[in-house]
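*Asks:* Here's the letter readout for the chains.
2 protein chains.
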Amino acid sequence: MPDDRDMLDERSIKVLWAVIHSYINNPDPVGSRYVTRKYAFDFSPATIRNIMADLEDMGFLSQPHTSAGRIPTDKGYRFYVENLMEEMDEKVSSHEELIDSLTRRLEDLREDIYTLLDETTRTLSTHSHYLGIAVSPGPDGSTLRRIELIPYSDDRIAVILFTNEGIIKHKILKNSFAFSRNDLNKIARYLNREFSGYTIKEIRQCLFDEMARDKALCDSLISKALSLCGDVVACYGSNVFISGLSEILELPEFSDVEKVKELSRTIEDKHAVIKLIDSLANEEGVQVIIGAENTIEEMKALSIITSTYKEGDKPAGVVGIIGPTRMDYSSAISLVDVTARFLTKILDEGGRQWRRER
Amino acid sequence: MPDDRDMLDERSIKVLWAVIHSYINNPDPVGSRYVTRKYAFDFSPATIRNIMADLEDMGFLSQPHTSAGRIPTDKGYRFYVENLMEEMDEKVSSHEELIDSLTRRLEDLREDIYTLLDETTRTLSTHSHYLGIAVSPGPDGSTLRRIELIPYSDDRIAVILFTNEGIIKHKILKNSFAFSRNDLNKIARYLNREFSGYTIKEIRQCLFDEMARDKALCDSLISKALSLCGDVVACYGSNVFISGLSEILELPEFSDVEKVKELSRTIEDKHAVIKLIDSLANEEGVQVIIGAENTIEEMKALSIITSTYKEGDKPAGVVGIIGPTRMDYSSAISLVDVTARFLTKILDEGGRQWRRER
DNA sequence: GTTAGCACTCCCCGCCTTAGAGTGCTAATA
DNA sequence: TATTAGCACTCTAAGGCGGGGAGTGCTAAC
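Those protein sequences? They're chains D and U, same order as listed. Quick note, this note's numbering runs 2 ahead of the 1-based positions in the first sequence. Quick note, this note's numbering runs 2 ahead of the 1-based positions in the second sequence.
None of these hints come from the bench; they were simulated from the model. Check the hints yourself; a few may be wrong.
Since copy identity is lost for identical chains, a pair holds within one copy or between any two.
Stated by the list, open to error - Under the rule of at most 25 Å between Cα atoms (straight-line distance), these lysine to any residue pairs were calculated in the SDA-like manner: (1) K312 / L175; (2) K272 / S222; (3) K272 / G199; (4) K261 / E300; (5) K173 / N296; (6) K263 / I26; (7) K302 / L86; (8) K77 / N52; (9) K173 / R107; (10) K188 / H172; (11) K347 / C208; (12) K226 / D114; (13) K77 / D102; (14) K263 / D76; (15) K312 / C237; (16) K272 / D211; (17) K316 / T117; (18) K226 / D110; (19) K176 / A190; (20) K176 / D102.
Work the whole structure out from these sequences, hints included.
*Replies:* Given below as structure tokens:
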């Protein structure tokens, strides 16, 4: 693919930027006259029209109908995000207000990452006026810090799993054997020695190998320990948090109820969302997916900005913003970036001393 | 207030029922001609018109405009729910399908009530096509089964709280003292002896009294135990689960985006919802709130059906359905009823042996 | 007490018109 | 040769108009 940048002269770029900038602020097709006026071009509308026609030929702009102004295409936004945004937009504020409000709201939640992520999406959505989204660390983002076994009733024990990321998972297991408290302590000690410091995914793999290698080899307590542990790590998965529906409904693109239905169906399907987001989980830095670049059919009219937050230097989970393709990319991107860094910092403060050397 | 029932003769009641029945199935104003045809009355439309005019005078029906048919008022629905529903509607199915799907989906979740309630709302909404709602037990609905203290890092301990209702709450406390594992065990034993079997609310009250009575009296370990416990019970609250937005958006009453916005704002405000639902938490059996009977401004166009599920014989939390006033009350009520009973049964199976005699 | 008949009301829908915004093309201009 | 003014053309959004239809309330007859 040739570099689009080369196809465009300075003037075309300015016009493209103007159209996008205008359209982001106000979803009316942008006319040539408006561009000359508002953006103080030294050309007449007629010239701008010619340029716009060229931009349309190249696929950066489109017309809803003949004799309407132009609106950006996904390709147009893409070009904007990659080439124009940083150099042409006046710098957005340093997001002090966001950091403030994150700090204030999340202060007491450091140790409970689910509530923390939930609050994060709320903050993201009120600041961006789009949907805020967060995904908690999955099996390969979570590192086991510690596992505890607690007798719960005559035939049940509670398994509690602490991770470095602040996730605390619990599961009650119906066990047919009656373990003594002493047995449980032994098993827990064994499991902690063996597995703490590894990711859930690694533990899964390890358990799998162990089982496969030789069942007879393990003494019975160890094999029971492994099976307890297996039950819990087996159902370990990511959680999704999404909020800000009432924010995003204020946008004119959602004045059509059909659109709203589509959106609500999409965000109620957590599985699809997890799948989508997980595919971005290992990318460095802020990811931008614009409109039809998206793989989910119902989201082809939306854009997604995400970034991973980390625990140590390992990607843990994802935060982001979902909005219309006509999104304020510039500020959304920096919002997401700042938020991800903030979460990384919080995790860092909690968990450093526990990281296992490898 | 005089009993409305006395004001209406047999014939008026039949007409009222017909209007409501028809309107529930199809939100078009109901005309006199339609009633005679569809509901096989032995009278002419003119007679029905007279009756309808009377019903309107009495406040059971209203007209969107002159020369439109009638639609039920909140008072009309109230009369329907209280007097007509059971005797006149053909019995709804015994909800075997619902029980089936509840059983299937909730089988593995008995011990984790949050996931269980969340899934319950999903099931409720797919079966009713309205919003499913569930509220987890609050401080006076939860009975402490057991408390565990676990060292978490050098300066933090994890407090884990098990309740009879299957709630597992955890909180990481930064403690300035370094407790030994032994100390923690002692403290936990003390707390369990003292508090298990009591509701969180009672424990709160008790802690409060204890503190007030005499601080000096307690030896230092006990006072620390109480303060640990206090930190955790202090932040114990209900959780709300709501789902089915995409279901309810299919209804014609939500073809107006303003209505949708209002709805989404309402259900995002968990606090208001909890407050509303909590006020019903101690009522026996199924509660029905119709339209403007509601105290929340934004919900005056909606009806709410709720019932409490119990742990033993003590009300624990609330499940319900939120829909338009034009709701299929008959089936909604039995759905909610069945669901609440189901949850009660599940809780019963898990927790009986732990109830403290008083 | 019930009903047929009838005039009346009001909404909904399709149709038309108009105003306005914006385009593309062409010919004139610097 | 690049730019621009002028102009005819296109398309939408909004408002006005009129007929059809559904339903009512009233009156007088049964």
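*Asks:* Determine for every hint whether it applies to the structure shown.
*Replies:* Now for the hints, and whether the structure bears them out:
| no. | hint | result |
| --- | --- | --- |
| 1 | K312 / L175 | between (31 Å within a copy, 23 Å between copies) |
| 2 | K272 / S222 | neither (39 Å within a copy, 48 Å between copies) |
| 3 | K272 / G199 | neither (29 Å within a copy, 37 Å between copies) |
| 4 | K261 / E300 | both (9 Å within a copy, 23 Å between copies) |
| 5 | K173 / N296 | neither (36 Å within a copy, 39 Å between copies) |
| 6 | K263 / I26 | both (23 Å within a copy, 22 Å between copies) |
| 7 | K302 / L86 | within (23 Å within a copy, 49 Å between copies) |
| 8 | K77 / N52 | within (19 Å within a copy, 65 Å between copies) |
| 9 | K173 / R107 | between (29 Å within a copy, 17 Å between copies) |
| 10 | K188 / H172 | both (19 Å within a copy, 23 Å between copies) |
| 11 | K347 / C208 | neither (30 Å within a copy, 39 Å between copies) |
| 12 | K226 / D114 | between (30 Å within a copy, 23 Å between copies) |
| 13 | K77 / D102 | neither (35 Å within a copy, 49 Å between copies) |
| 14 | K263 / D76 | within (23 Å within a copy, 28 Å between copies) |
| 15 | K312 / C237 | within (22 Å within a copy, 28 Å between copies) |
| 16 | K272 / D211 | neither (31 Å within a copy, 45 Å between copies) |
| 17 | K316 / T117 | within (21 Å within a copy, 29 Å between copies) |
| 18 | K226 / D110 | between (37 Å within a copy, 21 Å between copies) |
| 19 | K176 / A190 | both (17 Å within a copy, 24 Å between copies) |
| 20 | K176 / D102 | between (45 Å within a copy, 23 Å between copies) |
When each numbered hint is compared with the structure, violations occur for hints 2, 3, 5, 11, 13 and 16.
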